[in-house]
Amino acid sequence: MATIEDRQFDPEICGLSVVPDAIGEPELGDKVIKSGRTTGITHGLVRRVDVIAKITYRGVGTRSVGGFEIGSDPKHPAADGEISSGGDSGAAWMFRSGTGAATTVLAGLHFAGEANGSSDEHALACLPQSVFEKLGVTLTPPASEAAVAAVGYDPNFLSTPVPLPEVTAEVKPDIAKANDGSEVLHYTHFSLTMRKSRRFAAWVAWNIDGGSMKKLSRKNIDFVKDPRLAADAQVGNELYRSNRLDRGHLARRADLLWGSTSEAKKANTDSFFYTNITPQMDDFNQSARDGVWGKLEDAVFADVDVDDLKVSAFGGPVFADDDREFRRVKIPREFWKVLVFVENGELEARGFLLSQNLDQLEVLDLDEFRVFQVPLTEIEQRALLRFPQALRDADLQVAAEAITEPLDSVAAIHW
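Residue 1 is where the sequence shown starts when you use the UniProt record's numbering, and the numbers rise one by one after that.
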């Protein structure tokens, strides 16, 4: 399959005057029609489904291709008896209506015919759904990513409203303002506030819809500064170039990939703004993703009967005066995260704190990072912010002695 770019084209199938707008499931006896480059307009009947054909391609070898088989329609024979010939591959087999006319429902994509020397005239077609999913294409043009409204974190995402956190009075003057004067930057499925003095986010808030998650590649997506904010108000690649610091997402990229395909794609791109990034040691970042910290959100869905499969989350760095400075940027060594969900109609909140050792910027000796389950009040004190009262009331009261014990696995979490 190929795409046409930077030019206009007529989407109607040549000779059939229809535009495919839906995909159907072929069944035995279905009447179909195609417009092939070589054979022209030909009619057929589906005579076998769930067919696996082995075809030898020059330079590639034998490949197994799944699809269905189409025989000639005796009531509408082809002019020369051929319904498949070289050059027809890629033609759309469309379902026919009761009157014999082509419908707008796509049955399959032509890819082969009978073997040389065979007297059994037939055609083979792929099931379009599997092809489209493999290539990431659709029959109708997807909504432009730019057209997807970046509504940001939704406080009404859960059945109980959960407003954004607020920084303390002492931090308020240090909050950066966007070009339009706003203090909160909204992206697709997440929002954040930036600290002027540190040039990193004070907090990030995001929603996770476990019922509509998408899997998208991060390939060819660049980390970029947000043009809505002054360039010198955010840390860019100048910090990460040629050293062992990784660019770590605050709002986890995988958490944001939900909703419609266009929404998920926009969220995927939005997650790479430097405003959502903080520095972390390279092997720490890798371990964090694979360890308890990187599995927190997944653990909620696995271990808790979450209402509506929806979770809201907050996260950010802990800024300390004695944070190590590197390339004139102070590097946070602690991070926090709060997961919020509804279980059996009751709002629940769980807080976590993660620490890392940054000695590897100078020596090759990194203590293993540690993850603790902590009360929200502990996070408020460290991060200099305050959560809404509804969230504080929903917090699990963790025993004081438990705070000093790091979590060695997600199984140790008190949900």
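FYI, nobody ran anything at the bench for these hints, they're computed from the structure. Any given hint might turn out to be false.
[Unchecked claim] Dumping the calculated DSS-like pairs for lysine-lysine here, alpha-carbon to alpha-carbon at most 25 Å:
1) Lys225 <-> Lys172
2) Lys219 <-> Lys134
3) Lys134 <-> Lys172
4) Lys330 <-> Lys172
5) Lys225 <-> Lys330
6) Lys134 <-> Lys214
7) Lys330 <-> Lys215
8) Lys225 <-> Lys196
9) Lys177 <-> Lys225
10) Lys31 <-> Lys75
11) Lys330 <-> Lys214
12) Lys75 <-> Lys134
13) Lys330 <-> Lys177
14) Lys295 <-> Lys219
15) Lys134 <-> Lys54
16) Lys54 <-> Lys196
17) Lys196 <-> Lys214
[Stated by the list, open to error] Simulated restraints, written as ranges between beta carbons of each label pair:
18) Gly59 <-> Ser130: 19 to 25 Å
19) Lys196 <-> Glu25: 53 to 59 Å
20) Val224 <-> Ser118: 55 to 61 Å
21) Val19 <-> Thr261: 17 to 23 Å
22) Arg228 <-> Glu325: 34 to 40 Å
Quick reminder that beta carbons are idealized off the backbone N, C-alpha and C, glycines included.
Against the structure, the hints:
A C-alpha spacing of about 23 Å is found between lysine 225 and lysine 172, which places the hinted pair at or below 25 Å, so the restraint holds. For the suggested pair lysine 219 and lysine 134, the alpha carbons sit about 16 Å apart, so the restraint of at most 25 Å is met. For the proposed pair lysine 134 and lysine 172, the alpha carbon gap of about 48 Å is over 25 Å, so the pair is violated. For the suggested pair lysine 330 and lysine 172, the alpha carbons sit about 19 Å apart, so the restraint of at most 25 Å is met.
Our distance criterion of 25 Å between C-alpha atoms is met by lysine 225 and lysine 330, whose separation comes to about 18 Å. As the CA atoms of lysine 134 and lysine 214 are separated by approximately 14 Å, the hinted pair is consistent with the 25 Å bound. For the given pair, lysine 330 sits about 34 Å from lysine 215 by alpha-carbon distance, which is inconsistent with the 25 Å threshold. Taking the CA atoms of lysine 225 and lysine 196, the gap is about 15 Å. The hint holds against a cut of 25 Å.
Under the criterion of a C-alpha separation no larger than 25 Å, the hint pairing lysine 177 with lysine 225 is consistent with the structure, at around 15 Å. With a C-alpha separation of about 11 Å, the suggested pairing of lysine 31 with lysine 75 holds against the 25 Å cut-off. For the hint pairing lysine 330 with lysine 214, the CA-to-CA distance comes to about 35 Å; that exceeds 25 Å, so the pair is violated. Between lysine 75 and lysine 134 the alpha-carbon distance is near 36 Å, which puts this suggested pair outside the 25 Å criterion.
For the proposed pair lysine 330 and lysine 177, the alpha carbon gap of about 21 Å is at most 25 Å, so the pair holds. Among the hinted pairs, lysine 295 with lysine 219 is consistent with the structure: their alpha-carbon atoms are about 22 Å apart, no more than 25 Å. This hinted pair checks out: lysine 134 and lysine 54 have alpha carbons roughly 20 Å apart, not beyond 25 Å. Of the pairs offered as hints, the one joining lysine 54 and lysine 196 is violated, with about 62 Å between alpha carbons and a cut-off of 25 Å exceeded.
Only pairs whose Cα atoms come within 25 Å are accepted, and lysine 196 paired with lysine 214 is rejected, the gap being roughly 34 Å. Between glycine 59 and serine 130 the beta carbon distance is about 24 Å. The supplied range of 19 to 25 Å therefore holds. The supplied range of 53 to 59 Å is met by lysine 196 and glutamate 25, whose beta-carbon atoms lie about 57 Å from each other. In this structure the hint that valine 224 and serine 118 lie 55 to 61 Å apart at CB holds, the actual value being about 56 Å.
For the pair valine 19 and threonine 261, the beta carbons lie near 20 Å from each other, so the given range of 17 to 23 Å is met. In this structure the supplied range 34 to 40 Å is violated for arginine 228 paired with glutamate 325, their Cβ-Cβ distance being about 27 Å.
Hints 3, 7, 11, 12, 16, 17, 22 from the earlier list are contradicted by this structure; the remaining hints agree with it.
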